[in-house]
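Engineer: As they're listed, the protein sequences go chains A and B.
Okay, so the first sequence: first residue is 1 according to the working numbering, each after it adds one.
Okay, so the second sequence: first residue is 1 according to the working numbering, each after it adds one.
The hints are simulated quantities; they were obtained by calculation from the structure and are not laboratory data.
Just so it is clear, the structure is predicted and the values come from calculations on it, not from any experiment.
The reader is advised that the hints may include incorrect statements.
Claimed, not checked - Taking CB as the label site, the calculated pair distances span:
1. K200(B) <-> N290(A): 56 to 64 Å
2. E227(B) <-> A62(A): 37 to 45 Å
3. Q222(B) <-> T124(A): 32 to 40 Å
4. G226(A) <-> Q222(B): 54 to 62 Å
5. V267(B) <-> S227(A): 49 to 57 Å
Even glycine gets a Cβ: it sits at the ideal position worked out from N, Cα and C.
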Amino acid sequence: MRGWLLALIIVVVTAILITIGTLWPVQTAIAMATPRLMSSSSSPKGAAQNLMQEIRRRNWNAAYAMLANKSEFQQADFIRDLTGSYTSLRSYAGLESFDLSPERATADEAKFRATLNWSSVVGTFQDVRELRVVKEGDRWQVEWPINREPKLPPQVIPVNYLRWDVIYRGAEDDWGAQDVESPHVRIVAMHPVDRGGGTIILGELLNEDVVPAFVTVKATLLAKDGSALATEDSFANISHVLLPKQVTPFRIDFPKVRLSQVDNVRIEPSSTLVAASADPVIGIEDQKLNPLPTPSLSGQLVNQSGQVVNIAHVLGTFYDSRGQIVWVSDGYANRALLPQTPVAFSLPYPADLAGKINNYRVVTSTFSVGRFQ
Amino acid sequence: MKRRLTFVLLGAVLTSVIVAGGLYLSASDGDALQIPKAVEAGSSFSIPTRAAAKAVLYIVSPAQVLRRNVEPGESVVIAAGDLHNAGHYLALLSGPGTTEKAEFDVVPASQPESLNFLAKPSRLPVGRPGGISGVAYVFDVYRNLVRESTPVSFQLSDSAGGTQTRSVPTRNGVAWVKMDSAPRAGAAQFLVSAGNVSEKRVVQQVPGEPCNLRMSAQRSGQRMILETAPVRDCNGNPVSDGTIVSFTQTYDGRSEATVDVPLKRDVARTELPARDGSVISVATGVVLGNEIRVGGQR
């Protein structure tokens, strides 16, 4: 008897959940569901939502078919606009969510500000597009603001490549056969700050040697009795490959330790000699601080070399008027850096620091497909 | 397999030591074997015995154990190379009614056969007095440390042809020196020799911190072409290619553009926007260079 009752309860609860899910589906479910569950294109917002859903599903055929301005570009251009022409963070990013903010609407036309939130292996990035939705007969269609990557004319950019190769000692060598020494690196600045109930270690590391170094920084917070409160190392917020005389900022977060508990900080930089290349050179131009409510440091990355850079990691160090580091922030360019072609970047910083920041310094580290560094 | 062999050898040595210890105790009042007080490692020698019956000769040290069967009245011949580990040895002859013992030393051969050479550091700036250290360990043909004082010659030859030479006798098998790094950058050959053997290490003598970093600028349309003068250290050595030179453009005290450029063929070259009123500065590491105001030289 009890078994029958339990089965009945399970069936009823399941039916209720199916009904709720069908009537009020979540965004993810809509994306995964059949087109029948999608919004109707009989309204401007419905048309824009449908387009976003198809982009999220990477159903390029359907998304392209929904556009009002198909005659202006080909489907391949549309795909390249969203995923990039060259391998980059965009190539493997997924549209996690989107937000449509209506800006203006008439009987035949509506405008939305679409914020596309992409997720990638190194975090999320946003893509903001102004969408114009127009009425075609009884249906609404989106005019996609195509963003074509500039094409460079064929040319030769002379580059004198410089790289370091390393011969390490062999396994069969005697103990007297010495190995090449690790690069000498030095902490040139260090500043612990209290933020959000945790402790953050900010600093800068200099490679003072004449060879490239792979660097990491480990920090241990010590209590008054000398015991270790926590140990963390820099992971994302550092440029790991440092060329001779290059400086990288670093940030190490201890979210569970209050600064008042800390009596001392032990910093251990480590370096390993690595083979590396001195190219490409990336210029960081048009740097500027953007005001509240979303404070950030933005600028343009310009690849001054001839090869395509697929991933560019950008690190910003923010200083106060006394030259002390107050924040370190990092971000990625979501498009590949083509030679001589500016690509925008943005590094957010906490709003409460907006009044303190007096200056800043930006560095980049890059990765190109087919190159070891 | 290696581990098993190690255990077997260890077992054999321990057993031999225990047996030899027992025999030593029982022979504490016995006669002495006729063995020279010092024998050169690997040399051949014979041990006369007075055994009246078959006996066994044990030669034991912490590093090596030998066992020989002895016929009555015969001498035991230790062949060349049989006893090769330097150290203090105990010889025990054990037989029915006979227990003889002797203690002797096996000393390393005086002729050096190999060298272990530690040269530190592998890389250092030019012009450092006493900056390079060399330590040589002298071994004989059986890898025994030659403790007898042996002259060792150290020679440091820099890329400009300069040579520093020192001859140092070993103390307890080790000889060491400190040498100065040359004023000219380049790979120095650090050679050590003792007798007929020699070992070589390479010590990279690298330029020091840049001296007098200066850049020049030339306007090209909307861009400023920036180029440093050849970057050299205070001894006139070109600073290593690949060294990062940072160009920073500021306007009203705030950074507007930055670019980190590696030195190539002694110069760093890049371009930045030509914004009138902005100031472009150059630096490498902690060394600052000159500043240029766009629209007027500084």
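Engineer: Please go over all the hints and tell whether each is borne out by the structure.
Structural biologist: Quick rundown of the hints versus the structure:
1. The hint said 56 to 64 Å for the Cβ distance between K200(B) and N290(A), and at roughly 60 Å that hint holds.
2. A C-beta distance of roughly 54 Å is found between E227(B) and A62(A), which places it outside the suggested range of 37 to 45 Å.
3. Evaluation of the 32 to 40 Å hint for Q222(B) and T124(A) yields a pass: the beta carbon distance comes to about 35 Å.
4. At about 59 Å, the CB distance of G226(A) to Q222(B) agrees with the hint of 54 to 62 Å.
5. A hinted range of 49 to 57 Å for the beta carbons of V267(B) and S227(A) is consistent with their spacing of about 52 Å.
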